[in-house]
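Engineer: The task is simple: from the sequences and hints, build the whole structure.
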Amino acid sequence: MKSVPDRVVKTLEKKGLTGIAVTLEEESLCLKGMVKNHDDWLKAGYTAAAFPCREVINDLAIQGLEPEKDRLPALSDSLLEGRHFDAVVIGGGVIGCAAARELTRWDISVALLEKDGDVSCHASGRNDGMVHPGFAAHPGTKKATYNVRGNKLYTRVSEDLGVPLVRCGSMLLLKNPLYILLIPYFFLRARQNGVEGCRFIERRKVFQLEKQVTRKQWGAFSFPTAGVMSPYRTAIAYAENAVQNGAEVFLDTRVRGFRLEPSKPGKTRLTAVETNRGTFTASVVINAAGIWADRIAQYAGDRFFSLHYRKGVDCILDKKTGALQQRATGMPELFQLRAKTKGGGIVPTTEGNLLIGPTAEEIPYREEYSTSQTDIDALMSRLNLNRALKKEDIITYFAGVRACTWKEDFIIEPSRKVDNLIHAAGIQSPGFASAPAIAEDVAAFAVEALKLQRTVMENRCFNPRREAPVNPRNLSPQERTKLIQSDPAYGRVICRCEGVSEGEVRDALRSSVPAMTLDGIKRRTRAGMGRCHGGFCTPRILEIMSAELKEPMERLTKRGAGSLFFTGLTKETEPKKAVKGGEA
Amino acid sequence: MMNPKEWDVLVVGAGPAGLAAALAAHNKGASTAIIEREDRPGGILKQCIHDGFGLVRFGEKLTGPEYAFRDIRRIEEKKIPVFTETYLEKSEILGGGFGLHLVNNRAGVFTLRSKALVFATGCRERTARQVFIHGTRPSGIWTAGLAQYFINIQGYMPCRRCVILGSGDIGLIMARRLTLEGAEVEGVYEVLPEPSGLTRNVVQCLEDYAIPLHLSSTVTRVHGEDRVEGVTVSAVDAQRRPVPGTERYVECDCLILSVGLIPENEGPEALGTPLDRLTGGPIIDQRYMSTALAGLFSCGNALHVSDLVDYVSETGHSAGEAAAVYALGKSTKPSRKLVPLRPGNNVRYTVPQYVDVSLPGTVTLFFRSSRTLEHARATLSSGETTVLKKTFPVLRPPEMERLEFQVPENGLEDALVLHITGREEKG
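Chains as they are written, first to last, in our numbering: chain A, 1 to 584; chain B, 1 to 427.
One or more of the hints may lead you astray.
Unchecked claim - Footprint (simulated), chain A over chain B, 3 or more residues, beta carbon under 8 Å:
#, stretch
1, 82-96
2, 143-150
3, 156-168
Treat the hints as calculated values from the structure; they're not laboratory data.
We treat Cβ as the ideally placed atom computed from N, Cα and C, and that holds for glycine.
Structural biologist: Quick look at the structure:
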């Protein structure tokens, strides 16, 4: 019997992919060599992943592909030099923020490192916020179990963090009358995955539930546990609650490497973390670095997987459309079983907009968020799932990139090589839905690793409830008036599409994980997310930012270093004109 | 501030339309107040420091702030209350009138009631995403009005070298403004085969400064991660699709958009007033009153996007007068007899969309042609009856036209249709 690597080489050759060297490293298949294009790169990775192996490390070079520009933070200081943290979380996405918060349940020092200027800048700020029921993932996968557990946990998380969760339910619309034959199989899978409350709804009934649903449906399989939440507000709320419970968040802080020392035979332990803001010691490290998680694993000498990058584009519709649909709907191609996406659909949001998406397109770069006409065309076809939606309802669209392993499952486990490293990698859809469960487990792994080094006590002061920022629109008129009388800034509405006041913008700049950029304010307050998309409120917000951050207007940015608003002053402006918020 | 239990007329918006409406309503004897979300009245005119305003209304060329000030001064003289920095959260139909739920930093949450309600809420600008510009989303993509605010109100330069997409009037004016402030305008790109802005602006803002205008061209992609580094421009075909092979990379640090204005009518819509898909404004009769909701009036750019502020003031004035008459119950209020007024051949839209033929008097009709025509003849007819005929040396879509006609004494039965015939402009 031939070895697995030999069989992979043979299969690759059959598919026309020659000259690829395949080796087995730590039970993972490693591919080396050169391929002609990105399609071949993907084909090779997936081919290898179909063989028995732990994971695939696809180190094939792509001919003529320009390497991705390494976007390093401009900042360089010694803020962290010489410090020590019991637990360090790398990555300020929803997984990292939630893990940091779970760690603060223990009486340990916790640091969350994020390379960009805010938490939830990447995948966590660029998805549709579906709290999936847990049906789509194959039974027995980590995706399936974490999703179902995460979905349940969100009820509590939403309450504790003060981030609204709407259990709107979702419907998988049947595209073909023959699909009804699959219903028993659907029930079986739901049972295997532990998804509760599923029902088959016949065609006529679907029209009663969703008046505007496409006429081309033949009934639906419904998931009452499906919900929606704002993914970036959840990540920010987790981070804020972590800080309120003693964690420290370091933005613009990028890990450059680790210091390791041998421990048991063939194993190491991580002693220090090297960053652009200094080197510090750590007792345990959680790798929640999203699209860069394989790079972090490499720094620790434990790169047993590599990632590929699948872009998804969503578009947001005007709030006016919110009344046209209550549940999330999708109509997947059920016979493309190897499809790597659930096909996308129409998703309500907790803010009242509808959202269409996401697409799925493999790309050769990790942080490439451009959009194209093809994306929009693909999204437009999904608009037809609801008969009342029009192209003019689109306010904006955005791209995110999913961090996928070649096995297409999550990696949530303590490192087998490094005693005090925990991986939470390959977190793609349903990553947001799974986040609370993943965070619980990685925090537990980390505490276990810590307990081997020292005693770990519970944090008696832990408060699971985040002190959520004031939202005047949720108050009764009397309460709101009282609030405004005590602080008139809550009565100056500056974003007229979303009704956001100056007070809320100011709070976002002063919160426990403060916004430093316009996009940060947008994510925290929704100012600039409405139909005019910042056309009217941007100048006002910049003035408030300038006053709060004590930075001149010319140094304010959209989303961190380089994304400046202004190139200078006009000819008639006094060189040192001080601009104060709220004064004209 | 005098604050009656119920105002006769409340006007939403203190731009030129709202100011004119409030003055007219007040002068007709109606108790009137204005709701304004900004800290000063004047609307967008405050940032329009170029001249050319007021030629029709005052016979002189004024700047935006000067034009606005003439009305603001009269508002002050007449002591018409302006609730500034006051945000309209929701409006509702209350009894026979309206209730406005408002928020400001002085009174908190409060409600004002009125018999008639005038929406003079202007427009917002269409954004990059709403015209489907692709590529990245760096800093440096601004709508022209926002760039104008940065420069004229805040005193900051948004760019050193920019590309302007869209030849709407604000885009043209910003091309000149940016040039005067020392920035380089690489060019203005317009997807249509002719400019969208007024001819005088093409001449005074582009030609006088040797700024190239590229017709039938568009921006297809934005480049740059943090700040705009360049854009790809392409020629487009007759269906406005980019022509492959015509792409050109333009280095620039900013993309300014003047790709259209969207009347802001979320208020009337929420009250159940249907909008005209051609204008984006409420469907109204010649008194500017919604045909679906009596007592609700619309004027200015919220009603339809005007080329000149003078017309904005005119519709504001008429709507304000009509709102006062309605609120004071002076009209004998026979049940309305509405006859549709529809755009016919070569007409993009008409305002009003209905004529109440039970009302005597002159009807003012605004329209835009759907293409450029020379020796154009406009004919307004109802069935066999020709109500009005007028010839124009030339009609261009960017230029709004105004007509007046009398409703015949014996009324009209059939829908009114405005047709235009004429010659295609010679290249």
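Engineer: Against this structure, judge whether each hint is valid.
Structural biologist: Now the hints, each set against the structure:
1. Proximity of the stretch 82-96 of chain B to chain A, defined as three or more residues with a beta carbon under 8 Å from a beta carbon of that chain, is established by the 3 residues found.
2. Coverage of the stretch 143-150 of chain B by chain A holds in this model, with 5 residues showing a Cβ closer than 8 Å to a Cβ of that chain against a need of three.
3. For the stretch 156-168 of chain B, the proposed coverage by chain A is satisfied: 5 residues have a C-beta within less than 8 Å of a C-beta in that chain, meeting the threshold of three.
Of the numbered hints listed earlier, not one is contradicted by the structure.
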